[in-house]
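2 protein chains.
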Amino acid sequence: MRQPLRIGIAGYGNLGKGVAAAVGQNPDMELHGIFTRRDPASLRVPGDVAPVFGWLELLEHKSDIDVLILCGGSKEDLPRQGPELAAHFSTVDSFDTHARIPEYFAAVDQPARAAGTTSIIAVGWDPGMFSLNRLLGEALLPQGQTYSFWGKGLSQGHSDAVRRVPGVAAGVQYTIPAADAIEAVRSGARPELSTRDKHRRECYVVLAEGADAAEVEQAIVTMPHYFAEYDTTVHFVSEETLRREHGAMPHGGFVIRSGTTGGGYDQVIEYRLELGSNPEFTASVLVAYARAAARLNTQGVIGAQTVLEVPPALLSPTPVEQLRAELL
Amino acid sequence: MRQPLRIGIAGYGNLGKGVAAAVGQNPDMELHGIFTRRDPASLRVPGDVAPVFGWLELLEHKSDIDVLILCGGSKEDLPRQGPELAAHFSTVDSFDTHARIPEYFAAVDQPARAAGTTSIIAVGWDPGMFSLNRLLGEALLPQGQTYSFWGKGLSQGHSDAVRRVPGVAAGVQYTIPAADAIEAVRSGARPELSTRDKHRRECYVVLAEGADAAEVEQAIVTMPHYFAEYDTTVHFVSEETLRREHGAMPHGGFVIRSGTTGGGYDQVIEYRLELGSNPEFTASVLVAYARAAARLNTQGVIGAQTVLEVPPALLSPTPVEQLRAELL
Chain A
52 MRQPLRIGIA GYGNLGKGVA AAVGQNPDME LHGIFTRRDP ASLRVPGDVA
102 PVFGWLELLE HKSDIDVLIL CGGSKEDLPR QGPELAAHFS TVDSFDTHAR
152 IPEYFAAVDQ PARAAGTTSI IAVGWDPGMF SLNRLLGEAL LPQGQTYSFW
202 GKGLSQGHSD AVRRVPGVAA GVQYTIPAAD AIEAVRSGAR PELSTRDKHR
252 RECYVVLAEG ADAAEVEQAI VTMPHYFAEY DTTVHFVSEE TLRREHGAMP
302 HGGFVIRSGT TGGGYDQVIE YRLELGSNPE FTASVLVAYA RAAARLNTQG
352 VIGAQTVLEV PPALLSPTPV EQLRAELL
Chain B
52 MRQPLRIGIA GYGNLGKGVA AAVGQNPDME LHGIFTRRDP ASLRVPGDVA
102 PVFGWLELLE HKSDIDVLIL CGGSKEDLPR QGPELAAHFS TVDSFDTHAR
152 IPEYFAAVDQ PARAAGTTSI IAVGWDPGMF SLNRLLGEAL LPQGQTYSFW
202 GKGLSQGHSD AVRRVPGVAA GVQYTIPAAD AIEAVRSGAR PELSTRDKHR
252 RECYVVLAEG ADAAEVEQAI VTMPHYFAEY DTTVHFVSEE TLRREHGAMP
302 HGGFVIRSGT TGGGYDQVIE YRLELGSNPE FTASVLVAYA RAAARLNTQG
352 VIGAQTVLEV PPALLSPTPV EQLRAELL
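Line order of the protein sequences matches chains A and B. Sequence positions in the first sequence follow the working numbering and run 52 to 379. Sequence positions in the second sequence follow the working numbering and run 52 to 379.
Mixed in with the good hints, there may be bad ones.
Because identical chains cannot be distinguished in the list, a pair is counted as satisfied if it fits within a single copy or across any two copies.
Below, computed lysine to aspartate or glutamate pairings styled on DMTMM-like, alpha-carbon distance capped at 25 Å [said to hold, decoys possible]:
| id | residue 1 | residue 2 |
| --- | --- | --- |
| 1 | 126 | 372 |
| 2 | 203 | 231 |
| 3 | 203 | 234 |
| 4 | 249 | 282 |
| 5 | 203 | 317 |
| 6 | 126 | 90 |
| 7 | 68 | 317 |
| 8 | 126 | 211 |
| 9 | 126 | 160 |
| 10 | 126 | 377 |
| 11 | 249 | 377 |
| 12 | 113 | 160 |
These are computed hints drawn from the structure, not numbers from a lab.
Bound-form chain A, shown alone (with noise of 0.2 Å):
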């Protein structure tokens, strides 16, 4: 494999700037380019780690790049971006729309199988590192129950929908988990836990000019799908207090897997993630993958790819001898 190992960011919003900072912490690594649909000149890159280029000077940076990380949104962007730069590039990406990832899937295994590339779909933390644990939970433990709580973190969904609230000028939304239920589950005991048991959420938003407090707080808590399920608390704030305190994007939560061994012996294990930055974590995630996805290449391992296929050495710039005799 080449060394360093050039990357590619493909869309340069918050997840985009995690990644050019990981790839700054990862030695064996280097920014080639970061490739964005504004004008280029608009870009404001810190330290100017790496030139920005045009989205459509992508293809002509093809034998320049070993694997691009591709960081647009979900719902608007990789549908589209992930089946056609697979048919150009090794790509990493944080497809992060549940439901629809074997869709996503077999959309970009197709072209990256036919171009001979490698794209690691799905990455991130969840989906992701709490799939993973999802996974190695089942398997270890057959006879048990998984939880996730997500938690204590700002949810970008959820504040959309907060701000897209008549009589709302800004806002976010923090995900809580119930302590009561982590506690609960940790003990062993394994409850049976409703949506509402498990999480509750709280809202900081700065009224519009005019708009009606009681009103707003009642359009909040009672918005289906988003809020009315659970137990919502609505916390009126001046804009320079949303500033202030509110503009860190934390996040995290708990997989805990509940389960009993043959001799009737109850076993619990539990992942937890404490994050300071939400994207910088996914970012570094993504760019750990990266490697991986360059290796499977070289391999010969074509196609698309998932956290749950990748074996884990990869992701470590460690030759394996080494690995094995520092961490085993």
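Guided by the hints, dock chain B onto chain A, whose structure is given.
Then chain B, alone, in the frame of chain A:
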């Protein structure tokens, strides 16, 4: 791959018993037989789940066993049995002498390659799941520190050391992780921790008749390598209390990776095990990796392997398409 998968057990101590119980929880497997160096007639197998054979009969069953799970000890049994049996069977074992793993890997790899078998070595939780999580932590957060804590759990090696002290009739030792050290690590603080800072040791001892409690205690707490560098507490108990309260083999621990991503955000990954029975959990891991060994062998992947190299999806009885749809 043949269905059901036919498993053999080589060695019937606590681990072998756990494997027999774990195979019973996996409908895609069946237990072909248990092989023992003792008199087969002397073995009591709960529920008579499988016939018992003498050690020398192993090779006669070569064509009836897909994977042989080696349940001997790492000190005396596996260094000889691992290479010898890999020449005839695909195997899985829990070799856990950390410092000797590269040497053992090479000793198993050579006969396995020559015979076309697949042997996954050093499987369990440490080495095993903890190793996997150390690898993932380092790969996802290259700038950071990894902490392993063990316990609360019964340590076999340290219990043996206690029992060798003159004046000790019986006894067990628990390794207990320091709660304040864990909290400091969880907080993202990345402290420098000495051996003494991370764990303490607690012994429950039955005195031999006429032995001097103070002398025994002194001999234990000053024992080099085992206890001298730890805070060790010795409790003297009756034989009956020991049997009643300290007969189980719980264990567990934590692997925590605390890192900082490129933009300066702290990120913490924690993997935690709370095991009601150490040998039953280890056995469950062995059984899941037996499935992977059979599949790797079918794919033509031969020789020695470790948990760092095995694609996770191979551990599950569920087809990978379904895993992608359900777990991602």
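Unsatisfied constraints (hint numbers, rising): Of the numbered hints, all hold.
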